[in-house]
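Asks: Sequence:
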Amino acid sequence: IQPDAKGKNIFFSPLSISMALSMLALGAKGETHSQIFSTLGYSNLTATQVNEAYEHLLHMLDHSQDAMLLEAGSAVAVQEGFKPVEKFLKDAQHFYHGEAFSVDFSKPEVAVQEVNKFIAKKTKDMITDMTKSLDPKTVMMLINYIYFRGKWEKPFEVKNTNKADFYIDVKTKVTVDMMKRTGRYNLFQDRNNFTSVIMVPYKGNTSMIIILPDEGKMEEVEKNICKDHLKYWHNKLTRRSVILYMPKFSISASSSLQDTLMEIGIVDAFSDKANFSGISEEFKLKVSKVLHQAVLSVDEKGTEAAAVTTLEIMPMSMPNSINLNRPFLIFIVEDSIKSILFMGKITNPTE
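In the working numbering, the protein residues as written are 1215 to 1565.
These aren't lab readings, by the way, just hints derived from the structure by calculation. Check before you lean on any hint, since a few could be wrong.
[Claimed, not checked] Simulated pairs of lysine to any residue, SDA-like, Cα-Cα distance not exceeding 20 angstroms: (1) LYS1559 - ASN1539; (2) LYS1515 - GLY1397; (3) LYS1500 - ASP1349; (4) LYS1368 - ARG1398; (5) LYS1368 - PRO1415; (6) LYS1417 - ASN1539; (7) LYS1498 - VAL1353; (8) LYS1417 - LYS1462; (9) LYS1503 - PHE1484; (10) LYS1515 - VAL1547; (11) LYS1487 - HIS1270; (12) LYS1515 - ILE1544; (13) LYS1368 - ASP1549.
When you get a sec, could you build the whole thing from the sequences and use the hints?
Replies: Structure follows, in structure tokens:
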């Protein structure tokens, strides 16, 4: 998503971004609406089908809260003195758990504080400084946030965590807290694509799929990765005995998405051609900024909750050793609906 992000950690939620854009589409008309729908791949769907699908999805995610903590939401911040259309507010709340609030963008410092305060409250202070600066000419911005703290189905034992080296590249290494667990995991070693793929389940219907390219092969793997690859790997996974070494890390990545979205076809929404008459009849609105922030923490338990240690019966064969001591890719997937909640690249777990 960010071509300039070489050597950086990347983390974002495709689900959450498409949810925010779908919510924005509630108020879009004409070509602005068509561009959003066709970019998201919804051309053959009606607005009702899309809205109801998200309503259903949010309902499902909300109801698996005991095992995984997933907070996701969208908001539209609009210029003070401007009253959004009632139907937009109602539909945004009903289908997307979204809301609109007003700020005075002509006072950028105050606006930044207000936007950050709103998001801090929504994310229970997991995200406190989402936006750093705003253009005083802003009339509307789309905000989208998501954070995830799943509990591992089989926790790591704290006593097995040790300091270890993580090789960011050939020349650079950092010291990490390396967790260790021996157990049965779904694993696939794809010799043709220079990759090991391991699935680490969370409680509930969610798993982290980790893709560890062979040394020096990250760029090649990144270049070729696509949905079909993921499907292929997913189908090839088999239960194996594994000694898994995994660094503890916490990642919070925010992205400004307007440039990326314009590149893939959502153009009018950001220009004077924008038609958001479903949000406001009297004001000409366009989107000035799209902010997305995603947060993930990985530790022994997966959350602060107390963990019960589960012992597994291991076959006598020699276990495979998977050592995440160099950059790797992660996908967090919801198993029952096969939806990618998050994707990312961990280049430096200490950042």
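Asks: For each hint, tell me whether it holds in the structure or not.
Replies: Hints, verified against the model:
{"no.": "1", "hint": "LYS1559 - ASN1539", "in the structure": "holds (13 angstroms)"}
{"no.": "2", "hint": "LYS1515 - GLY1397", "in the structure": "holds (15 angstroms)"}
{"no.": "3", "hint": "LYS1500 - ASP1349", "in the structure": "holds (13 angstroms)"}
{"no.": "4", "hint": "LYS1368 - ARG1398", "in the structure": "holds (10 angstroms)"}
{"no.": "5", "hint": "LYS1368 - PRO1415", "in the structure": "holds (8 angstroms)"}
{"no.": "6", "hint": "LYS1417 - ASN1539", "in the structure": "violated (25 angstroms)"}
{"no.": "7", "hint": "LYS1498 - VAL1353", "in the structure": "holds (9 angstroms)"}
{"no.": "8", "hint": "LYS1417 - LYS1462", "in the structure": "holds (18 angstroms)"}
{"no.": "9", "hint": "LYS1503 - PHE1484", "in the structure": "holds (8 angstroms)"}
{"no.": "10", "hint": "LYS1515 - VAL1547", "in the structure": "holds (19 angstroms)"}
{"no.": "11", "hint": "LYS1487 - HIS1270", "in the structure": "violated (33 angstroms)"}
{"no.": "12", "hint": "LYS1515 - ILE1544", "in the structure": "holds (18 angstroms)"}
{"no.": "13", "hint": "LYS1368 - ASP1549", "in the structure": "holds (17 angstroms)"}
Comparing the model with each numbered hint stated earlier shows that hints 6 and 11 do not hold.
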